[in-house]
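Peer 1: The primary structure of each chain is shown beneath.
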Amino acid sequence: RKEVEQDPGPFNVPEGATVAFNCTYSNSASQSFFWYRQDCRKEPKLLMSVYSSGNEDGRFTAQLNRASQYISLLIRDSKLSDSATYLCVVNQRGYSTLTFGKGTMLLVSP
Amino acid sequence: EPEVTQTPSHQVTQMGQEVILRCVPISNHLYFYWYRQILGQKVEFLVSFYNNEISEKSEIFDDQFSVERPDGSNFTLKIRSTKLEDSAMYFCASSEAAGGRGEQFFGPGTRLTVL
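Chains A and U, in that order, are what the protein sequence lines are.
The number in the working numbering is simply the position in the first sequence, starting from 1, with 190 added.
The number in the working numbering is simply the position in the second sequence, starting from 1, with 6 added.
Just so you know, the hints here were simulated from the structure itself, not pulled from any lab data.
All figures in this text were calculated on a predicted structure; none of them were measured in a lab.
Heads up, a few of these hints could be off.
Using 30 Å as the maximum straight-line C-alpha spacing, the simulated DSSO-like pairs for lysine-lysine come out as follows [what the hints assert, rightly or not]:
id, chain 1, residue 1, chain 2, residue 2
1, A, 292, A, 235
2, U, 89, U, 63
3, U, 63, A, 269
4, A, 292, U, 48
Covered by chain A, according to a simulated footprint, are these stretches of chain U (three or more residues, beta-carbon under 8 Å) [as the list claims (entries may be wrong)]:
id, segment
5, 67-74
6, 87-95
In this text, a Cβ means the ideal position worked out from N, Cα and C, and glycines have one as well.
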């Protein structure tokens, strides 16, 4: 079983659309969760941490369901600049290792 | 905004040669990391470093790899005898704190091509 699993996409959406990505993780000891975005051939950039209570940053909302070992990211009012690969990332308490999913590609068109 | 920097941006080498990839982490960060990403694949953890020693390493980080913090600012990854399968993007990252409390910030990467 893969450690962090994501639908690879691509998700093709028009500008202004709302899009949701999901991610599941296999290690129940995982304690911290993040969404990163990665543009083609660039470094991962931290988008947001994911907290148990769920959190929002502008157009982005992240949710965590520990019981189902499931994380989600919702993007509202998509912009062309949101086109990227979104990486679901987890780590275990006491360990500095980040475990990455393979990412979900988002393409926003005019 | 402070950022992680890496040099060179692209390194081409012959199989069997040694390469050193360099990173300057964010200045007040104490935890340093190397990751790699083979083209089309996911980002993979290699090693973490704190207080001048390795704190964790993955199975990928075998005896061919080593890390060093030679001075107060640089953090290096050395590959002693490169193999074709070492061709990848190598990312350095740093964080203020360890584990889940430390959000990791990545440098722009070094693309290593082994011929």
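Peer 1: Give a verdict on every hint.
Peer 2: These are the hints, each one checked on the structure:
no. : hint            : in the structure
1   : 292(A) / 235(A) : holds (15 Å)
2   : 89(U) / 63(U)   : holds (19 Å)
3   : 63(U) / 269(A)  : violated (38 Å)
4   : 292(A) / 48(U)  : holds (5 Å)
5   : 67-74           : violated (count 0)
6   : 87-95           : violated (count 1)
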